[in-house]
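Chemist: This is what each chain is made of:
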Amino acid sequence: MAAKGDIIIDIERCKGCQVCLDACPKDVLEMSKKVNAKGYQYTVKVNSDCTGCANCAIVCPDAVIKVYRVK
Amino acid sequence: MAEQSIISPENLVYKKTEVMTDRELHYCPGCGHGTAHRMLAEAIDELGIQSETIGVAPVGCSVLAYYYLNVDMQEAAHGRAPAVATGIKRVLPEKYVFTYQGDGDLAAIGTSETIHACNRGENILIVFINNGIYGMTGGQMAPTTLPGMKSSTCPMGRDVKTMGNPLKITELVAQLPGTYYVTRQSVHTPGNARKARRAMKKALEYQKENKGTCLVEVVSNCPSGWKMNPVDSNKWMEENMFPFYPLGDIKVPGKGLVNGGKDGR
Numbered sequence: 002m003a004a005k006g007d008i009i010i011d012i013e014r015c016k017g018c019q020v021c022l023d024a025c026p027k028d029v030l031e032m033s034k035k036v037n038a039k040g041y042q043y044t045v046k047v048n049s050d051c052t053g054c055a056n057c058a059i060v061c062p063d064a065v066i067k068v069y070r071v072k
Numbered sequence: 003m004a005e006q007s008i009i010s011p012e013n014l015v016y017k018k019t020e021v022m023t024d025r026e027l028h029y030c031p032g033c034g035h036g037t038a039h040r041m042l043a044e045a046i047d048e049l050g051i052q053s054e055t056i057g058v059a060p061v062g063c064s065v066l067a068y069y070y071l072n073v074d075m076q077e078a079a080h081g082r083a084p085a086v087a088t089g090i091k092r093v094l095p096e097k098y099v100f101t102y103q104g105d106g107d108l109a110a111i112g113t114s115e116t117i118h119a120c121n122r123g124e125n126i127l128i129v130f131i132n133n134g135i136y137g138m139t140g141g142q143m144a145p146t147t148l149p150g151m152k153s154s155t156c157p158m159g160r161d162v163k164t165m166g167n168p169l170k171i172t173e174l175v176a177q178l179p180g181t182y183y184v185t186r187q188s189v190h191t192p193g194n195a196r197k198a199r200r201a202m203k204k205a206l207e208y209q210k211e212n213k214g215t216c217l218v219e220v221v222s223n224c225p226s227g228w229k230m231n232p233v234d235s236n237k238w239m240e241e242n243m244f245p246f247y248p249l250g251d252i253k254v255p256g257k258g259l260v261n262g263g264k265d266g267r
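Listed in order, the protein sequences are those of chains G and L.
Its first residue numbered 2, the first sequence is counted upward by one per residue in this note's numbering.
Its first residue numbered 3, the second sequence is counted upward by one per residue in this note's numbering.
Keep in mind that the hints were calculated from the coordinates and are not lab data.
These figures come from a predicted structure and were not determined experimentally.
Please note that a few of the clues may not be correct.
[As the list claims (entries may be wrong)] Derived lysine-lysine pairs resembling DSSO-like cross-links, with alpha carbons at most 30 angstroms apart: (1) 67(G) to 213(L); (2) 5(G) to 17(L); (3) 39(G) to 229(L); (4) 35(G) to 18(L); (5) 18(L) to 5(G); (6) 18(L) to 72(G); (7) 18(L) to 46(G); (8) 39(G) to 18(L); (9) 35(G) to 203(L); (10) 72(G) to 203(L); (11) 27(G) to 237(L); (12) 5(G) to 197(L); (13) 27(G) to 17(L); (14) 237(L) to 39(G); (15) 237(L) to 34(G); (16) 17(L) to 67(G); (17) 18(L) to 27(G).
I would like the entire structure built from these sequences, with the hints used as guidance.
Modeler: Here you go:
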């Protein structure tokens, strides 16, 4: 099935709190093995099941996620 | 590639609102302040009142709220935000005025200002972030700390015999005739965050009708102060904070107190 949604994560602003991982209904997100310039692990997209529901972006305290959805 | 085509301007469904500045937030990872800021900013954005809104920042973790909210802001002395907001609203009655305060600011040092502003029925919105602790100064006990809850000044847990009972200030001000809309929300899940945004939007709309003070409490977490990781702190909040501070409306326009004003519903 073709992906319906996609996200862009501003990894340098991510603080690795993992709140978005719980909010994602499709388990699209995981933490990176690497760290960003501030020393935090950041969120990465690991599969193409994203539906563009924007749940991750709404709960992200630092608003690092932009959400796109095919309309 | 299909994925490449999804990322295009016409498919954009969610991004940080323009009512927040581009500045990076200084809050700890997972802190509810960031989301609460954004829900308030989105409510302002949806109403299209960015240029007519004046905010009053408190003392506490959110002391730098004026860096992040892209509206006119005024800093107030500790706890005095409702008094400052009263002055602003009386001089500029056509503006939308809100205060953004934590529990140490609103429920401890600012109790008097809060109660009197609510009792006078000033047409302001008070956004109250309740995390049961003094976050900025190192996790000391606040008036809202739960019985038995540990903090740096009650490391064995709050003992109500010697330290007093937690203060449910939201229920308290709901009893006053000056308040119009009083509700308790949270921002830790997408659904709750959307509800909090709706509540703040409603409260700002009521301000136009000059009906009285609106207070939106946001029960939030403090991962650093509670010494937990953000996900665990949200879970702890659901299990311990929500039974004591139940979410829901406490005073609704037209209906008055919900459930006798005892608890939120």
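Chemist: Taken at face value, is the distance from the CA of residue 203(L) to the CA of residue 35(G) at most 30 angstroms?
Modeler: 40 angstroms, violated
Chemist: Does residue 72(G) lie within 30 angstroms of residue 18(L) when you go C-alpha to C-alpha?
Modeler: Given that 30 angstroms is the threshold and the Cα spacing comes to 20 angstroms, the pair holds.
Chemist: Take the C-alpha atoms of residue 39(G) and residue 18(L), compute the straight-line distance between them, and say whether it is at most 30 angstroms.
Modeler: 21 angstroms, holds
Chemist: Taking only the CA atoms, is the gap from residue 237(L) to residue 39(G) under or equal to 30 angstroms?
Modeler: 26 angstroms, holds
Chemist: Compare the distance between the alpha carbons of residue 17(L) and residue 67(G) with 30 angstroms, and conclude whether the hinted pair is satisfied.
Modeler: 5 angstroms, holds
Chemist: Keeping to a limit of 30 angstroms between CA atoms, is the pair of residue 27(G) and residue 237(L) held or broken?
Modeler: Holds. Residue 27(G) to residue 237(L) sits at ~20 angstroms (cutoff 30 angstroms).
Chemist: Is the straight-line distance between the alpha-carbon of residue 18(L) and that of residue 27(G) 30 angstroms or less?
Modeler: 22 angstroms, holds
Chemist: So if I understand the rule, the pair passes when the alpha-carbon distance is 30 angstroms or less; does residue 5(G) with residue 17(L) pass?
Modeler: 17 angstroms, holds
Chemist: Against the 30 angstroms threshold, does the CA-CA distance of residue 35(G) and residue 18(L) hold or violate the hint?
Modeler: Measuring from Cα to Cα gives roughly 25 angstroms; hence the hint holds.
Chemist: Compare the distance between the alpha carbons of residue 72(G) and residue 203(L) with 30 angstroms, and conclude whether the hinted pair is satisfied.
Modeler: 26 angstroms, holds
Chemist: Within a Cα-Cα threshold of 30 angstroms, do residue 67(G) and residue 213(L) meet the stated pairing?
Modeler: Violated. Residue 67(G) to residue 213(L) sits at ~37 angstroms, over the 30 angstroms cutoff.
Chemist: Regarding the pair residue 5(G) and residue 197(L), is the alpha-carbon distance no greater than 30 angstroms?
Modeler: 25 angstroms, holds
When held up to the earlier numbered hints, the structure conflicts with 1, 9 and fits the remainder.
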